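A.B. asks: The residues making up each chain are set out below.
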Amino acid sequence: MSAVTAEHDHDDHHHDDHSHGPEKGWLRWVVTTNHKDIGTLYLLFALAMFFVGGTMAMIIRAELFEPGMQFVDPQFFNSMTTMHALVMVFGAVMPAFVGLANWMVPMMIGAPDMALPRMNNMSFWLLVAGVLLLASTLFMEGGAPAGGWTLYPPLVLQTGKALPFAIFSVHLLGVSSIMGAINIVATILNMRAPSMSLMKMPMFVWTWLITGFLLIAIMPVFAGAVTMLLTDKFFHTSFFDAAGGGDPVLYQHIFWFFGHPEVYVMILPTFGVASTIIPVFARKPLFGYSSMVYATAAIAFLSFIVWAHHMFTVGMPISGELYFMYATMLIAIPTGVKVFNWTATMWKGAMTFETPMLFSIAFVVLFTLGGFTGLMMSIAPADFQYHDSYFIVAHFHYTLVPASIFMLMAAGYYWMPKWTGHMYNEKIGQLHFWLSTISVNILFFPQHFLGLAGMPRRIPDYAIQFSDWNMISSIGGFIFGASQLLFLYIVVDTIKGGTGEKVTDEVWEDAHKHGLEWTLPSPVPYHTFSTPPTVIPCDHD
Amino acid sequence: MNEDVAVKNKRLVRNLAIVAIAMFGFGYALVPLYDVLCEWKWIERDRPDAIKAIPETAYEIDKEREVNVEFMTTLNESTPMIFGAEMTQLKVHPGEYHTVNFYAENKTAAPMVARAIPSFSPALTSTYFEKVECFCFSEQTFAPHERKVMPMRFVLNPALPHEYKTITLSYTFFDNTQTAIKK
Numbered sequence: 001m002s003a004v005t006a007e008h009d010h011d012d013h014h015h016d017d018h019s020h021g022p023e024k025g026w027l028r029w030v031v032t033t034n035h036k037d038i039g040t041l042y043l044l045f046a047l048a049m050f051f052v053g054g055t056m057a058m059i060i061r062a063e064l065f066e067p068g069m070q071f072v073d074p075q076f077f078n079s080m081t082t083m084h085a086l087v088m089v090f091g092a093v094m095p096a097f098v099g100l101a102n103w104m105v106p107m108m109i110g111a112p113d114m115a116l117p118r119m120n121n122m123s124f125w126l127l128v129a130g131v132l133l134l135a136s137t138l139f140m141e142g143g144a145p146a147g148g149w150t151l152y153p154p155l156v157l158q159t160g161k162a163l164p165f166a167i168f169s170v171h172l173l174g175v176s177s178i179m180g181a182i183n184i185v186a187t188i189l190n191m192r193a194p195s196m197s198l199m200k201m202p203m204f205v206w207t208w209l210i211t212g213f214l215l216i217a218i219m220p221v222f223a224g225a226v227t228m229l230l231t232d233k234f235f236h237t238s239f240f241d242a243a244g245g246g247d248p249v250l251y252q253h254i255f256w257f258f259g260h261p262e263v264y265v266m267i268l269p270t271f272g273v274a275s276t277i278i279p280v281f282a283r284k285p286l287f288g289y290s291s292m293v294y295a296t297a298a299i300a301f302l303s304f305i306v307w308a309h310h311m312f313t314v315g316m317p318i319s320g321e322l323y324f325m326y327a328t329m330l331i332a333i334p335t336g337v338k339v340f341n342w343t344a345t346m347w348k349g350a351m352t353f354e355t356p357m358l359f360s361i362a363f364v365v366l367f368t369l370g371g372f373t374g375l376m377m378s379i380a381p382a383d384f385q386y387h388d389s390y391f392i393v394a395h396f397h398y399t400l401v402p403a404s405i406f407m408l409m410a411a412g413y414y415w416m417p418k419w420t421g422h423m424y425n426e427k428i429g430q431l432h433f434w435l436s437t438i439s440v441n442i443l444f445f446p447q448h449f450l451g452l453a454g455m456p457r458r459i460p461d462y463a464i465q466f467s468d469w470n471m472i473s474s475i476g477g478f479i480f481g482a483s484q485l486l487f488l489y490i491v492v493d494t495i496k497g498g499t500g501e502k503v504t505d506e507v508w509e510d511a512h513k514h515g516l517e518w519t520l521p522s523p524v525p526y527h528t529f530s531t532p533p534t535v536i537p538c539d540h541d
Numbered sequence: 001m002n003e004d005v006a007v008k009n010k011r012l013v014r015n016l017a018i019v020a021i022a023m024f025g026f027g028y029a030l031v032p033l034y035d036v037l038c039e040w041k042w043i044e045r046d047r048p049d050a051i052k053a054i055p056e057t058a059y060e061i062d063k064e065r066e067v068n069v070e071f072m073t074t075l076n077e078s079t080p081m082i083f084g085a086e087m088t089q090l091k092v093h094p095g096e097y098h099t100v101n102f103y104a105e106n107k108t109a110a111p112m113v114a115r116a117i118p119s120f121s122p123a124l125t126s127t128y129f130e131k132v133e134c135f136c137f138s139e140q141t142f143a144p145h146e147r148k149v150m151p152m153r154f155v156l157n158p159a160l161p162h163e164y165k166t167i168t169l170s171y172t173f174f175d176n177t178q179t180a181i182k183k
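Note that the protein sequences, when read in sequence, are chains A and B.
Under our numbering, read the first sequence as residues 1 to 541, first letter to last.
Under our numbering, read the second sequence as residues 1 to 183, first letter to last.
Here chain A stands alone, though its shape is the one from the complex (with noise of 0.2 Å):
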């Protein structure tokens, strides 16, 4: 990663304080600008939090494991469900995609950099302050956050000391977010080769565009809804507390506004990658890409719409909850066009298997899944048996887990030999893919019956009729658990030299005709297209 090739670039003297390597020493990875090392950080901050996050889950299902109270007390459960869903959602898969971005939108369109690369590093460092902040609650007094991570009033109002820490930790995450997202976009807008049209652009980048927007408009109304938090619990304001004439069930709405166009965020980048991915190994362009960019942008719009069908049981007119019903089951036609465009660009394509295709092709059945617990409960009267039960937690984690986190994986193995100049253990990939695929099955699929059958959700105990599915969940909570070191086994490994195999320039066969980070050597010099590339691949028609 830190190889430095001769593409200087002494005609731009503009930049001459760019055109050199790395600094040297460590304090490279503190002042960095270059939108490589940049992504480089985000992609192990978010692998660091993904172990951090998925500890917490260890805690959860061996606290869940047999009924009764074994190891945590049920403060401290709750604390645990409400941080690992934080962590995960704000510590590791959105940074984990904006890493992405990172490294690969400018390498994309022909860039030489992301348009504003000081503002990028002061977001990569925000966003490690705002998540050190949250988890720094943990040892307060009181107790972390323990309410979901909806932070629904009154319950959040009765955290400890913690309460204002995790509010500005959840501002400092806004505030990276956003300048993360307007980054993004104006790298996407204004710095593309000049040959390269928005039709053009592949579709990672164009799921990118549309989250980067998403984002801009979402943070700021969640950074809103905690600060009116704040001040009902410090300077006597009544936005939730009924007592001056408040409504808790605003904070819901308003909070909802943000946490559905939120899920979006976290799923849309992850349609791009699959879309990236799936062209290159059945060795066929991309089929319906034009679809899919509309499909992308419908999704992005209605998630604007849509936001009350997390309230049905709260209390609405029955239009309301007819409307939110409809308007969320209209999610499902651009979602069906996406799915439909990925199986067509399979069939009767000369596919082969390696690791990231496996994940992509497990992303693509196992989201549908998730997909249509989904639709189950868009419908408004049915939803009142599955609201707050583990069904719905089987169903998000069924459209993150093996979604979002499956192609965040798919992603790694995919570019990790751009990126390194080595090729990573197929064996190992393989056998992480098998042992994910099957655990995480095992760990969330019993949780739809579970959900069925009345447990609600975040509870430390349980009746004992639901020991039989929960111990089972847990043991694949256990194994996929165990599975994910191999993954980090995989990063160092290669890191370090992998199999020795010497990876060509575009390491997949015939991947520079889907990308142009194919054209670049490999591994990617520090700088690159420094002058804009003239030739651009075209993946589709």
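The set of hints was computed from the structure by calculation and includes no laboratory data.
All values derive from a computational prediction rather than experimental measurement.
One or more hints might be untrue.
Unchecked claim - Think about it this way: if two alpha-carbon atoms lie no more than 30 Å apart in a straight line, the pair counts; the simulated DSBU-like pairs of lysine-lysine are: (1) Lys284(A) x Lys427(A); (2) Lys24(A) x Lys502(A); (3) Lys107(B) x Lys161(A); (4) Lys107(B) x Lys233(A); (5) Lys8(B) x Lys200(A).
Take the given structure of chain A and dock chain B to it, following the hints.
C.D. replies: Relative to chain A, chain B alone:
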């Protein structure tokens, strides 16, 4: 990066930052918007004026119908009070006036200011639940260890739609002593 792109970046970043700031404001704008949507009944909420007195009007009593009114009493967090109602439920005919006594006691040796907030389920019935007299209309001041009996007089407007067979009226007492002192 040439000068042209730098200028374009600057303008775009400024515009996007304005969008972000505007969306922060939009979050706050949702607060009054919520009240409007509740008013239009797009969102189901207890009518905000459900805690205002309505002058006693004579309705024709609908003997055909009986609606079950349930009473719930709750204390917020650790409000140091005893709070209850003399009955948990009451069968009423729409148009017929009833008085139900609630009682509350200050368990502390200090004066206390507390406020009871009503909540209806189903929320839309709050429109038809007319209170002539209620302890929830204003803040209540309790002397140390004072026990109060507080009547609540109400009528169900006969216009109440027929699908509502049971109405739950829940009161929560909030200890507002600290806020009252600050004022």
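A.B. asks: Each hint: holds or not?
C.D. replies: Hints, one by one, checked against the model:
Distance check on the hinted pair: Lys284(A) and Lys427(A) sit about 25 Å apart at the alpha-carbon level, within 30 Å; holds. For the proposed pair Lys24(A) and Lys502(A), the alpha carbon gap of about 26 Å is at most 30 Å, so the pair holds. With a CA separation close to 27 Å, the supplied pair Lys107(B) and Lys161(A) stays within the 30 Å bound. Taking the CA atoms of Lys107(B) and Lys233(A), the gap is about 25 Å. The hint holds against a cut of 30 Å.
Annotation: proposed proximity of Lys8(B) to Lys200(A) holds, straight-line Cα distance about 21 Å (limit 30 Å).
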